[in-house]
Amino acid sequence: MEPGFPDTPFVVVNEQKHLVSGSATFHPAAHVVVTPTLRTSGLLSSLPSEDLKNLLTILTFVTPNGNCSPTLSELAQAMGVSAMKVRLRLNRLIAFQWRNEPLIYYLERESGMNGFAPSHSLVGAVSEVPKPPEEPPPIQSHRDEIIALSREKYARSREEVEREIAELNGWEVPEQFATEEEKERNELLRRLCAVGLERGQANGILEQYPSERIRRQLDWLPSRGARLPVRYLVAAIEGDYEAPTRQRGVFQESILHGERLAVEPDITTDA
Numbered sequence: 303m304e305p306g307f308p309d310t311p312f313v314v315v316n317e318q319k320h321l322v323s324g325s326a327t328f329h330p331a332a333h334v335v336v337t338p339t340l341r342t343s344g345l346l347s348s349l350p351s352e353d354l355k356n357l358l359t360i361l362t363f364v365t366p367n368g369n370c371s372p373t374l375s376e377l378a379q380a381m382g383v384s385a386m387k388v389r390l391r392l393n394r395l396i397a398f399q400w401r402n403e404p405l406i407y408y409l410e411r412e413s414g415m416n417g418f419a420p421s422h423s424l425v426g427a428v429s430e431v432p433k434p435p436e437e438p439p440p441i442q443s444h445r446d447e448i449i450a451l452s453r454e455k456y457a458r459s460r461e462e463v464e465r466e467i468a469e470l471n472g473w474e475v476p477e478q479f480a481t482e483e484e485k486e487r488n489e490l491l492r493r494l495c496a497v498g499l500e501r502g503q504a505n506g507i508l509e510q511y512p513s514e515r516i517r518r519q520l521d522w523l524p525s526r527g528a529r530l531p532v533r534y535l536v537a538a539i540e541g542d543y544e545a546p547t548r549q550r551g552v553f554q555e556s557i558l559h560g561e562r563l564a565v566e567p568d569i570t571t572d573a
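With the numbering used here applied, the sequence shown corresponds to residues 303 to 573, in that order.
Everything labelled a hint here was simulated from the structure, so no lab data went into it.
Positions of the beta carbon are idealized from the N, C-alpha and C atoms, including for glycine.
Do not rely on the hints blindly, as some may be mistaken.
As the list claims (entries may be wrong) - Here are the computed distance ranges between Cβ atoms for each label pair:
id, residue 1, residue 2, range
1, A380, E410, 15 to 25 Å
2, H329, E410, 40 to 50 Å
3, G414, M381, 15 to 25 Å
4, P338, P476, 50 to 60 Å
5, T547, L470, 18 to 28 Å
6, H329, L409, 24 to 34 Å
7, P476, E500, 20 to 30 Å
8, D446, S351, 48 to 58 Å
9, W473, D446, 28 to 38 Å
Unchecked claim - Derived EDC-like pairs (lysine to aspartate or glutamate); straight-line CA-CA distance at most 20 Å:
id, residue 1, residue 2
10, K485, D521
11, K387, E376
12, K485, E447
13, K485, E514
Please build the complete structure, drawing on both the sequences and the hints.
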């Protein structure tokens, strides 16, 4: 049984509910609760099923105020039989002794509206359903407390940790954590390595020169026709070479109006 509950098979809970949410006006709203005592006391197994059904019929007449004393005529209508048959059926409940009491009592009234009521040993009453006691919070060991405080103070996100590891080792920052600038750097790093530069050398170039200059020289490299593309690319980035002749239409050496035009050096064979 829950603490605060009567040790009876049935309990009438006399609750009160707000007429309007938040208002101070209440209305009664009693209801019946079946408790484990009905089973553990042996009453459930010892009471014939027909008598149990008749007993439950009586308990359905609990009013909002918590009263339970249906009249003979009300029970006859509910059971669909005559008043005489109701008396015969319920006499068995009156004769059934439980905890030295009959299960129900016959009520004679001056008005002639005689009825029946369950005994106090069968049905108890409470003002509200008792709330179970709150469980105390689990006690942490000293070690667990230290670990929890350490995690709260020093724990870092996976993004932060992976970014730091990548930067320390000269690796690419994982795409899912990279900024737009880092994604561009990753792309240039891959392109430099694809040409033939070692990763350390490629990282050094990325740290020393603007990304736009590196990208420009990578884009122009296929048009250079260099015999040693790695050496040429490094020199082109360091010297910020102009676009190759075929792309910018540089004039070859010629004489125009008696003047010698400046010509781009033939650097395709220097590397």
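Hints versus structure:
no. : hint                    : result
1   : A380 x E410: 15 to 25 Å : holds (20 Å)
2   : H329 x E410: 40 to 50 Å : violated (31 Å)
3   : G414 x M381: 15 to 25 Å : holds (20 Å)
4   : P338 x P476: 50 to 60 Å : holds (58 Å)
5   : T547 x L470: 18 to 28 Å : violated (43 Å)
6   : H329 x L409: 24 to 34 Å : holds (26 Å)
7   : P476 x E500: 20 to 30 Å : holds (22 Å)
8   : D446 x S351: 48 to 58 Å : holds (55 Å)
9   : W473 x D446: 28 to 38 Å : holds (35 Å)
10  : K485 x D521             : holds (18 Å)
11  : K387 x E376             : holds (13 Å)
12  : K485 x E447             : violated (40 Å)
13  : K485 x E514             : holds (14 Å)
Checked against the numbered hints given earlier, the structure breaks hints 2, 5 and 12 and satisfies all the rest.
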